[in-house]
Amino acid sequence: MATVTAAGVEKKIVKTLALGVLTLVLYAGLFLMEDLVLGLSTLGGWFGLIPVGIAFIFSLAHGAFTGYFWDLLGVRAKK
Amino acid sequence: MDAAANFVHLDLFNVAYLLIVGFIAGLVSGFIGSGGAFVLTPAMMGLGVPGIVAVASNMCHKFPKALVGAIKRARYGQVDVKLGIVMGASAEAGVLYGAHLQENIRRAFGAAGSNLYVSVAFVAVLAVVGGYVLWDVVRALRSGTAQAQVETVSPLARRLQAIHIPYTMVYFRSLDARVSVLFTIPLGFATGMLAATIAVGGFIGVPGMHYVLGAPSLMASATELVIAFVMGLGGTIKFAWSGLVDIRLAMIILAGSLFGIQLGAIGTTYVKPHMIKVVMGTIMVLVLVSRALVIPVYLSELELIGTLGGGTVKALNSVSFGIMAFALATGAFIVLSALRKGMRAERAAQEAAALAVAATPAPGAATQPLPQLSPLGRFERILVASDASEYSAGAVREGLRLAQRCGARLRAVTFVAGDLEDESLGERALGRELDSARVHLDQLAARAAAAGVPCETEVVQGVSVHERIVEESERMQADLIVVGRRGRRRLSRMMVGDITLRLIGSAHCSVLVVPRAAEVRGRRFVLASDGSRFGDAAAVVAGSLARRCEAPVTVVSVAVPSHAEARRQEARGVVDRIVRALAADGIAAQGAVLEGPAGDTIVAAAADCGADLIVMGSHGRTGFERLLLGSNTERVLNRTPCAVLVVKAA
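Same order as they appear, the protein sequences are chains B and U.
Going by our numbering, the first sequence opens with residue 1098, and the numbers climb by one from there.
Going by our numbering, the second sequence opens with residue 1025, and the numbers climb by one from there.
Incorrect hints may appear among the rest.
Claimed, not checked - Only pairs whose alpha carbons sit at most 35 angstroms apart, straight line, appear in this in silico DSBU-like list of lysine-lysine:
hint : chain 1 : residue 1 : chain 2 : residue 2
1    : B       : K1109     : U       : K1296
2    : U       : K1338     : B       : K1112
3    : U       : K1365     : B       : K1108
4    : U       : K1106     : U       : K1365
5    : B       : K1175     : B       : K1112
6    : U       : K1296     : U       : K1365
7    : U       : K1262     : U       : K1106
8    : U       : K1106     : B       : K1109
9    : B       : K1112     : U       : K1106
10   : B       : K1108     : U       : K1296
11   : U       : K1338     : U       : K1262
12   : U       : K1296     : U       : K1106
13   : B       : K1175     : B       : K1108
14   : B       : K1109     : U       : K1338
15   : U       : K1365     : B       : K1175
16   : U       : K1296     : B       : K1175
17   : U       : K1106     : B       : K1175
18   : B       : K1175     : B       : K1109
19   : B       : K1112     : U       : K1296
Simulated from the structure, these hints should not be mistaken for lab results.
Predicted model only: the values in this text are computed from it and were never measured.
Could you put together the complete structure from these sequences and hints?
Written out as structure tokens, the structure is:
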């Protein structure tokens, strides 16, 4: 058991915005460095881990953002 | 090979197109555990992406999407990670074999031969599996069982679960039974082979886990996401090693699909289990039509039938792709409609409950609770202590279920920290906490009203959580306190275990600890007894509950290797005595004296017999005895996935 920790709406907005900005920065970085990233990806071998790593990082940031996004819009799971 | 030449230029239209298709595919995947890939690959190829890069990029978006979806659905207690990993490992082998088979067919019969093989596989699998899924849905709708929240296990699954093959039996939470891995391996392999052939292994995996192994369809579809993650990660590494992944394409699709998969996962919490089959069956049959349409094209290319004109081929290909896109859109439409309808019904139920709560007199105003003469075996007043988090979901659910079964009154409380430090944060912060707690309790009251359970709710403040829970239980003279349990990871275990143990130590009545995903369905109870009066108290309560739930009971007594034979003999006597007493009450009971460390052995016994509740006695409330008991109780609480009822003897 623990005490109630549900954050208020303001806290959720801040978290959602922070994660949204982080996601945007990641996507902007990917497309601004498109040539470099694609160049390294095509080398294959151990460089193949670059796209795998990128996919993991994006899924963490963007996955958390989308979760908060729907929650903020009131689309929540039935308890 | 110049791999960079494989990567297309992306304009705004392409990006928007992939985002939308990704969103729809994610929505369906979040709901049924798979799907979408069969449209994404052709959609990318339609933009000029070479086939191999489209497949590689699709794979690279699939594993992070499945990871996010699996985590989300695990929060709802729908994922069986063990089954997912076991199936995923064999699916990986299936993928490799399927890809190898594809290459051989392409080498022998050319591209048309390979396409024909894929289309025939599509049609054959989807006709058999999709047809059966839809038939099952229609049958359930006609018989009225589709409205049930709990699905029945298929006769085939029951037969497989009954087969015991030594050294291969594994307990799976979703099946609530042990099954031989010799049955899961071919199923996983077929899932992988289908994934390598038509990109949607879930069309075999989900029905396989449901109909063949006996997993509920909601858990099968959620567990499929673990399989998809394992297969996707393996496939991505394979393609990335050859430099074929276009990470831009993968991340654009991922951007859309993560919005979709969250929504699809949320949708599963609002629907009846048969909706998974409705969506999956509908998509499968529509895709079947789509692929059947292009079979003449490949037959013509292989000169097995007369040559088709260029216009006819183009028209058949276009119509085929159109039907495939329509299949995905139809699936997405059903998911969104079900979500909208479910949310609307939930809101209406909450509003009705809020009105009912407002009309209920204040606790204690109308009726004084009856004095409690003996708490043993009586379940007339139940206290559910919830912290409004998902970790209390199991406690709330089982508290309600128990109150409904026993005709008990329910009191639900939520705690808000009310110490000086918190108050110094200001009234606003405290007000938000209180509002949030009230909303949670209103929802709980709505569920109680819907279940016909009399329920009172209250938000309480206090410094010490366990002391306040005990105070509340004494105030209402509760027969039982129901609480949730945090995760089993080390940190949360350390933080929470202490409060739960203190609660068990201080409470006068029994305490039921329910992990988030645990359900007390009455499949089997394990009663652990050491022959003391505390063990006898536990036996009385276990018997009372087993009668109400019509559950069989396995009585266990644990001896440690250092125990003398006399002690073992005594343990056998204890077990026999309790089994006879339970049997005299008309309860199906069996017993065993086991050997090993007490906590772990009790947990293993529960897992082995597929129990959904462990009942154990608690020694005194204070002092050394409590400390001694704490280690075993804590071990059981931390290690078992099922609910634990700790019975207090006065």
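Hint check results:
no., hint, in the structure
1, K1109(B) with K1296(U), "holds, 30 angstroms"
2, K1338(U) with K1112(B), "violated, 50 angstroms"
3, K1365(U) with K1108(B), "holds, 29 angstroms"
4, K1106(U) with K1365(U), "holds, 33 angstroms"
5, K1175(B) with K1112(B), "holds, 22 angstroms"
6, K1296(U) with K1365(U), "holds, 12 angstroms"
7, K1262(U) with K1106(U), "holds, 24 angstroms"
8, K1106(U) with K1109(B), "holds, 33 angstroms"
9, K1112(B) with K1106(U), "holds, 32 angstroms"
10, K1108(B) with K1296(U), "holds, 33 angstroms"
11, K1338(U) with K1262(U), "holds, 33 angstroms"
12, K1296(U) with K1106(U), "holds, 24 angstroms"
13, K1175(B) with K1108(B), "holds, 22 angstroms"
14, K1109(B) with K1338(U), "violated, 51 angstroms"
15, K1365(U) with K1175(B), "holds, 12 angstroms"
16, K1296(U) with K1175(B), "holds, 12 angstroms"
17, K1106(U) with K1175(B), "holds, 25 angstroms"
18, K1175(B) with K1109(B), "holds, 19 angstroms"
19, K1112(B) with K1296(U), "holds, 32 angstroms"
Violated hints for the displayed structure, listed by number in ascending order: 2 and 14.
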